[in-house]
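8 protein chains.
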Amino acid sequence: MDHKELLRLLEDFKNSRISTEKALEVLKNLPYENLDFARIDHHREIRKGIPEVIFGAGKTPDQILKIVRSMQAGQSNILVTRSDAAVHELIQKEFPEAKFHPNCKAITIRQKTEYTGKGMILIVSAGTADIPVAEEAQVCCDLFGNETETLYDVGVAGVHRLLSEVERLQRARVIIVAAVMEGALPSVVAGLVSIPVIGIPTSVGYGTHFHGVAPLLAMLNSCAGLAVVNIDNGFGAAQFAHLINHL
Amino acid sequence: MDHKELLRLLEDFKNSRISTEKALEVLKNLPYENLDFARIDHHREIRKGIPEVIFGAGKTPDQILKIVRSMQAGQSNILVTRSDAAVHELIQKEFPEAKFHPNCKAITIRQKTEYTGKGMILIVSAGTADIPVAEEAQVCCDLFGNETETLYDVGVAGVHRLLSEVERLQRARVIIVAAVMEGALPSVVAGLVSIPVIGIPTSVGYGTHFHGVAPLLAMLNSCAGLAVVNIDNGFGAAQFAHLINHL
Amino acid sequence: MDHKELLRLLEDFKNSRISTEKALEVLKNLPYENLDFARIDHHREIRKGIPEVIFGAGKTPDQILKIVRSMQAGQSNILVTRSDAAVHELIQKEFPEAKFHPNCKAITIRQKTEYTGKGMILIVSAGTADIPVAEEAQVCCDLFGNETETLYDVGVAGVHRLLSEVERLQRARVIIVAAVMEGALPSVVAGLVSIPVIGIPTSVGYGTHFHGVAPLLAMLNSCAGLAVVNIDNGFGAAQFAHLINHL
Amino acid sequence: MDHKELLRLLEDFKNSRISTEKALEVLKNLPYENLDFARIDHHREIRKGIPEVIFGAGKTPDQILKIVRSMQAGQSNILVTRSDAAVHELIQKEFPEAKFHPNCKAITIRQKTEYTGKGMILIVSAGTADIPVAEEAQVCCDLFGNETETLYDVGVAGVHRLLSEVERLQRARVIIVAAVMEGALPSVVAGLVSIPVIGIPTSVGYGTHFHGVAPLLAMLNSCAGLAVVNIDNGFGAAQFAHLINHL
Amino acid sequence: MDHKELLRLLEDFKNSRISTEKALEVLKNLPYENLDFARIDHHREIRKGIPEVIFGAGKTPDQILKIVRSMQAGQSNILVTRSDAAVHELIQKEFPEAKFHPNCKAITIRQKTEYTGKGMILIVSAGTADIPVAEEAQVCCDLFGNETETLYDVGVAGVHRLLSEVERLQRARVIIVAAVMEGALPSVVAGLVSIPVIGIPTSVGYGTHFHGVAPLLAMLNSCAGLAVVNIDNGFGAAQFAHLINHL
Amino acid sequence: MDHKELLRLLEDFKNSRISTEKALEVLKNLPYENLDFARIDHHREIRKGIPEVIFGAGKTPDQILKIVRSMQAGQSNILVTRSDAAVHELIQKEFPEAKFHPNCKAITIRQKTEYTGKGMILIVSAGTADIPVAEEAQVCCDLFGNETETLYDVGVAGVHRLLSEVERLQRARVIIVAAVMEGALPSVVAGLVSIPVIGIPTSVGYGTHFHGVAPLLAMLNSCAGLAVVNIDNGFGAAQFAHLINHL
Amino acid sequence: MDHKELLRLLEDFKNSRISTEKALEVLKNLPYENLDFARIDHHREIRKGIPEVIFGAGKTPDQILKIVRSMQAGQSNILVTRSDAAVHELIQKEFPEAKFHPNCKAITIRQKTEYTGKGMILIVSAGTADIPVAEEAQVCCDLFGNETETLYDVGVAGVHRLLSEVERLQRARVIIVAAVMEGALPSVVAGLVSIPVIGIPTSVGYGTHFHGVAPLLAMLNSCAGLAVVNIDNGFGAAQFAHLINHL
Amino acid sequence: MDHKELLRLLEDFKNSRISTEKALEVLKNLPYENLDFARIDHHREIRKGIPEVIFGAGKTPDQILKIVRSMQAGQSNILVTRSDAAVHELIQKEFPEAKFHPNCKAITIRQKTEYTGKGMILIVSAGTADIPVAEEAQVCCDLFGNETETLYDVGVAGVHRLLSEVERLQRARVIIVAAVMEGALPSVVAGLVSIPVIGIPTSVGYGTHFHGVAPLLAMLNSCAGLAVVNIDNGFGAAQFAHLINHL
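Chain order of the listed sequences is F, E, R, P, B, H, G and X. Numbering that gives the first Met the number 0 numbers the first residue of the first sequence as 0 and each following residue consecutively. Numbering that gives the first Met the number 0 numbers the first residue of the second sequence as 0 and each following residue consecutively. Numbering that gives the first Met the number 0 numbers the first residue of the third sequence as 0 and each following residue consecutively. Numbering that gives the first Met the number 0 numbers the first residue of the fourth sequence as 0 and each following residue consecutively. Numbering that gives the first Met the number 0 numbers the first residue of the fifth sequence as 0 and each following residue consecutively. Numbering that gives the first Met the number 0 numbers the first residue of the sixth sequence as 0 and each following residue consecutively. Numbering that gives the first Met the number 0 numbers the first residue of the seventh sequence as 0 and each following residue consecutively. Numbering that gives the first Met the number 0 numbers the first residue of the eighth sequence as 0 and each following residue consecutively.
The hints are simulated quantities; they were obtained by calculation from the structure and are not laboratory data. For glycine and all other residues, C-beta sits at the position ideal for the given N, C-alpha and C. Don't take every hint at face value.
Claimed, not checked - No more than 25 Å apart at the CA atoms, straight line, and that leaves these computed lysine-lysine pairs for BS3-like:
| # | chain 1 | residue 1 | chain 2 | residue 2 |
| --- | --- | --- | --- | --- |
| 1 | H | Lys-111 | H | Lys-98 |
| 2 | X | Lys-111 | X | Lys-65 |
| 3 | R | Lys-117 | P | Lys-117 |
| 4 | P | Lys-65 | P | Lys-98 |
| 5 | R | Lys-104 | F | Lys-65 |
| 6 | G | Lys-117 | B | Lys-117 |
| 7 | F | Lys-117 | E | Lys-65 |
| 8 | R | Lys-111 | R | Lys-92 |
| 9 | B | Lys-65 | B | Lys-117 |
| 10 | H | Lys-117 | X | Lys-117 |
| 11 | F | Lys-65 | F | Lys-111 |
| 12 | G | Lys-65 | G | Lys-117 |
Unchecked claim - Here are the in silico distance ranges between beta carbons for each label pair:
| # | chain 1 | residue 1 | chain 2 | residue 2 | range |
| --- | --- | --- | --- | --- | --- |
| 13 | R | Glu-96 | H | Ala-85 | 47 to 55 Å |
| 14 | B | Ala-56 | H | Lys-98 | 44 to 52 Å |
| 15 | F | Asp-61 | H | Glu-88 | 39 to 47 Å |
| 16 | P | Gln-91 | E | Lys-111 | 46 to 54 Å |
| 17 | X | Pro-101 | B | Ala-56 | 48 to 56 Å |
| 18 | R | Thr-112 | F | Asp-61 | 30 to 38 Å |
| 19 | P | Gln-91 | G | Pro-60 | 24 to 32 Å |
| 20 | H | Glu-88 | X | Gly-118 | 41 to 49 Å |
| 21 | P | Asp-61 | G | Lys-92 | 41 to 49 Å |
As the list claims (entries may be wrong) - Listing some non-contacts, in silico: residues in chain H with all C-beta distances to chain F over 10 Å:
| # | residue |
| --- | --- |
| 22 | Glu-93 |
| 23 | Glu-148 |
| 24 | Leu-150 |
Same shape as in the complex, but just chain F:
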């Protein structure tokens, strides 16, 4: 609830347009809907500029469906991450426009179609195995209303593959880099451009990769001016890129 609304509410209350009980009621219940197992934050799109997103892992298909129903009423775009084809099928029966993205296991229902971002968000991946994470970022950016492009398999072991795409790097407004074996890629990219670069360490690897800890540490220690999100967190990177792209 933003500052202006707080002011208006207090004034309505002062002018007896609403009762004490009502004022307390509003303060407490307005911003979300209680499904018992979940509290849907319909207010979030106004407050954050991003609709609440359903993190599918650890929720039953039935819980997800109920949340989708609740959100659909709000006319926002709907996004379920870390889900699967079975959940998609269940949702599609009721919402035929629901689309499944098999690489990153996301489900989307698009109720708003315009792109509102100021520029293009470029999603870069170091290798083929990073594509699912990169695609989660791409799907989220797109659904939040941002134009996107992708650039895959440009790891630093063959640095010429990246250098040949410098022009595209420089055309973007924000860059997201998903990188696994070589946490080095985001550093090299950030050294070549003057726009924000967000690193996503990815968890595919073995041995001392420690499920993404190796590239995470590499990115956190870069002196090239990166910011970093959790391992495999394509959604988080997209959310952050979206905020920058909508300033």
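Fit chains E, R, P, B, H, G and X to the given chain F structure using the hints.
Leaving out everything else, chains E, R, P, B, H, G and X in the frame of chain F:
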């Protein structure tokens, strides 16, 4: 070296305005100056929009002085981080305008004074012990040409201290949050605004704080849409905030 | 064996009411029953105010059934944690009143029904994925004789969801908070009340969540006056809350 | 700010006893005093039943003195933890009643003297090296208004030393156990009593002790119904014990 | 190859009883048999007093069978650890006397039956879940020629269960303690006896148990005079206890 | 792209033999082929002396097949690591000469057959469980054009098994040692020879083995002059040994 | 308190030779002396065969002196570990026979001089930097009444240095091996003898040595039948070796 | 002792040229000299091609001097690493030709001056703070008889600084790369050349750098064909490079 310059160089060369040897020479030597122990990247401000910054830790006073001399010629603002009063004294003899920032141990020489950023960068800290890190971020943002404000000691254990400042949070264009004991602060802040929030975990704490690992993990796991930099990395957060603020 | 019983045993022995051998025998064999693979501590409810609880993980269905039989004789409430529906079916054949709690996979047999606690224990969870752990705490508190209420999905990324429930927080005598992504929730809750708050980190998450280590560290570093139990340890939190609620 | 005060404020405002600006003003500024580098939460004793405590580590002597001055006006007892003799001397010049506790390096100024707790808090330590942490807990409990007793050097390697004190263990209302080499002590204590036992791992040790991680893990994995606070956190354990003792 | 054999070999060679080539040959080939994928150390029982043991994990059933054949010729007792019922069936076809131990998944073939140890090795476990590891230790001790007894489920949360068995603890010559949740048990046992106590941390647990790291650290930090083997390493503890019992 | 080619390209361009657009085109597109999900670095064999290798884990069978097709055109030997029998079958339909190596799950297609290395690469393993990793190294070395020999199950617990093979160790030009339980083996080997020894920690083990961390640390701390590659990284060790063997 | 004494006490009490109060008194107070900050376990030598040892780290010189006085009355040998020359000087004033061991910083007062162990304990170290730890073990073994020999700087990088001393290894009854860089040494030693080998990882090293974690893991993963004590714990190894040597 | 010498010794013995006792004596004592606290491996230069090197850390100045004296007799070059100026002064009194290298704190005495390596070893560092480690590598390579060149401060954040030196990279026979913040540098270097590249992670950094763990993991996970040595281990990298350069 950006794309246009590459094109121009090739054309000059083609038109015999420069020789083969010269072209190779330029390609190799132009962008930095070799001090033997360091290679000053004068080209960086053009490429990245940020002058190269001297990371003081692990360099001798003499090395720092030599780098400052080399950079001063480039007319950029000069910033030495993680330094100390003795180094400042040495530099001040030659550059009387050099200023020391005792909380964060930075030295600055300002050769350009205008603020070029689009909005205000707000630096928030959870407690008193976070101030040195917050101040490193503030000094860097300021020197890179960004207006800044600060908001200190608003940790979540008394959440009302933060809520009373929501208005200021919403006036900023980018927010940097330095947080130690409670890695929670950046999450709560990010939940209240629709602009990018950058978290800096700080290393002051004890026991299971593990010198900043506890708040780092808390921030990386936030679902509020944060991006994170290395522990105590006020400079890195400032660099990232600056890039956003200059889009 | 408490102090008074020790005194009485020694006096009976001194007055030749019991023999030397008998005294040794009693000292050694009284407090538990040896099932060979397990030693049932019937004495525990007297000593600790909590019946021995069967930790189901790592025990065969047959072992669990034998322990249940042994405990049933003692007229305590019986609780099997970390079990499954198959074990429940086996037990139910012999003890039809055995109830299964599918979310947290606990089995309960209630032989005492009154609530003996002084107040209400409130169980709070940060998200939907924390509910199984929260429910383990709720089932255990209830079976130990405590009134309980629950408050789910009130994570700090939308802090207004929590603030609107402050009244309920303040009505409780003890609060248990299960929190996963944001280990921040227990800190914020503890900042709002003047009663003990017990944090349970939960293991659902990914990447740098490290199966619950991230929220565990966040809770241990809170300056809001929390105490913490093991990751996912709903039973441990309930046991501790029960002891407080029965002082 | 508790629920009743919120109600009253809203009514005063409705009845025009206070203006809109005033209402906002009060909501924002009442609960703390801004010293610029710190925001003193005078409201905390009302909200939490514990005065705000000054964590001395990382604050300059001058900052500590200013906070003490601000708090002294509030008539609460004042506690500075993790400080040193030099700070004590500085404070004592202005507040002659300030007392220094050399083992745990705390400074106390007592402005309220009655003991308001319901029972006695027993502080137990496993060895001689744990005494500083145990004493921090004892000093804090005492200053918060709780009667305390101590029981030192009763580690489990000679379990008879502990068994001979069972009577005292059972006389307490809450027990705090500081334990280093043997994280085992809190488990054994908790097995002997039916009251809450709070474990504090301590950091003194070597090798695989990992500065307190070994006893921390031992305590978190106890099945005896413990709750745990951060390594060396005598203050946190005291705060939690105090809340239980004042229910 | 022990010292005396070396001396005799050199003398035989000097007296021309064996050729230079032969001497080299013997030095190189005597002590093991090369199965290509494994080199059977038949000499080990002479050198170490323990027959080579087949670590079943990571070997194919066929490889295990071939090694068993090779070892059977040597008339030693044969032990396969970390195996399964299918391998047992395969071996039993050829060696009907092969016995399977389902709790610890070991296979044994006994070719020597006398007990050669000086005393009894007592194997103690803290809980029911530790029994598989305790049993691996028991089976190995027995097969190596040591008398054994077992004492299960005597964890320290009910320390009276252990105290009532002090007599048996003191009758042993060596004690092996497998302990999971409470790494405390070996410390308490070692405090009660004057014989060597070997701790085996076990991996069953959850959360901060970290698959056995918690009890491992507790044991390594005990000041009661323990020695420790790897997590779940019942075989290693048995081997060490056997060496002590055969001094 | 090596130095000479850069020079020639610049001269062709200067002499108008190629246009500006062409020069840029060549600079950018020559060295790889874009399959959209992967960029095949055909240039790599020239630049590195090793054909690009397909890391099979995380790629779909269809993606692998497409990359194989693209590489086959380049007349290099083709190697797919971390694959499986199903992928092999798919490839074999189109490339009947494709061979499957079941121990290490590699697929090879040999288009060049001569051995170009200067000497023999010896692959040593400490135990039977290390053989899959050792074999990955052997298959890679062989396919890259190096003669190889293998020496398996010579762990240091029976050091005579190794000493009897010193002659073979000394005949090699490079030695690769895969070692699991005993990270000690590479140290002992390196102490016996005057050629480079490369250690591969392997991940098979349990408890404190931590999936290969134990032998990794042992190897990194050896003072015998080893170099180390990632856990289980037979391919990496082979690549490094190949570079040495082709100097 | 051992079994026989318990029996006798109960009989004395039954026969009214001692009163109820006396019996309780004896049970509680006999075994130790309370110095307030420490409880001296005079009973320990009877129960464990080892006098209580003073761990000097973290105790004030005055506390150590008081404990020495209390122990001296008991006629045991006295040992202070992890102390320093200043403490020694203080003690020597009162106890001129107190001896300082500068390498391991131990202080000893010998009141019993005979060697009671069955055989010789050999202390082996891998390098020069391990000598302080090895010497702590040697001093403790000696003071507890065991004959000792030492063998220093025989690391496995030059395995011949060790092989030339096999005879001495085989003459010992127990071997203690302190090993730093190469955690491998205890494995190799254990492979050469048929007696118990105890490994002490030492903390001197750098980088991935992690202050002793590298050799600790190496030793725990040895398949040569080692038992291990804490990093740098020469005292613990000596205590364990002593128990074996006195069976 | 190599194979031929073993053969000759056996033959001498057979022909009665040496006695049984003598043969045993030689076998045991030949290869090293026992200084009691250290065993000098004079034989090492023959066996390994590298003289034994004195690791200065943890040795007293007097011990170092004695080892230097012992080694000087062997006419090898002498190298003390991790030492300091005071030790150098002590040694210089007796050996005036001893030279101190202040950056890496090494002491060298050169008794052999020719360069025996096949090519040039290039030592590269990513930043100024890596120079001490790079210099340790350079000093060692040089003393072992290898020509060296250095290339400092070419980190990947400004990748053009490295690309301009490709020619020098390609002129080397072996490359050693010391890299701190960006563990990425060795990957990028290895991608540009077809010779062995050895990575040394360095420990200078802060926060999640974890004293060199971050670059270590980055290097181990590179797919560019690196081999890695311990953090800060300039000596180890030099030893390995030397072996390659002398093949």
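Kindly indicate which numbered hints from before are broken by the structure, ordering the numbers from low to high. 7, 9, 12, 14
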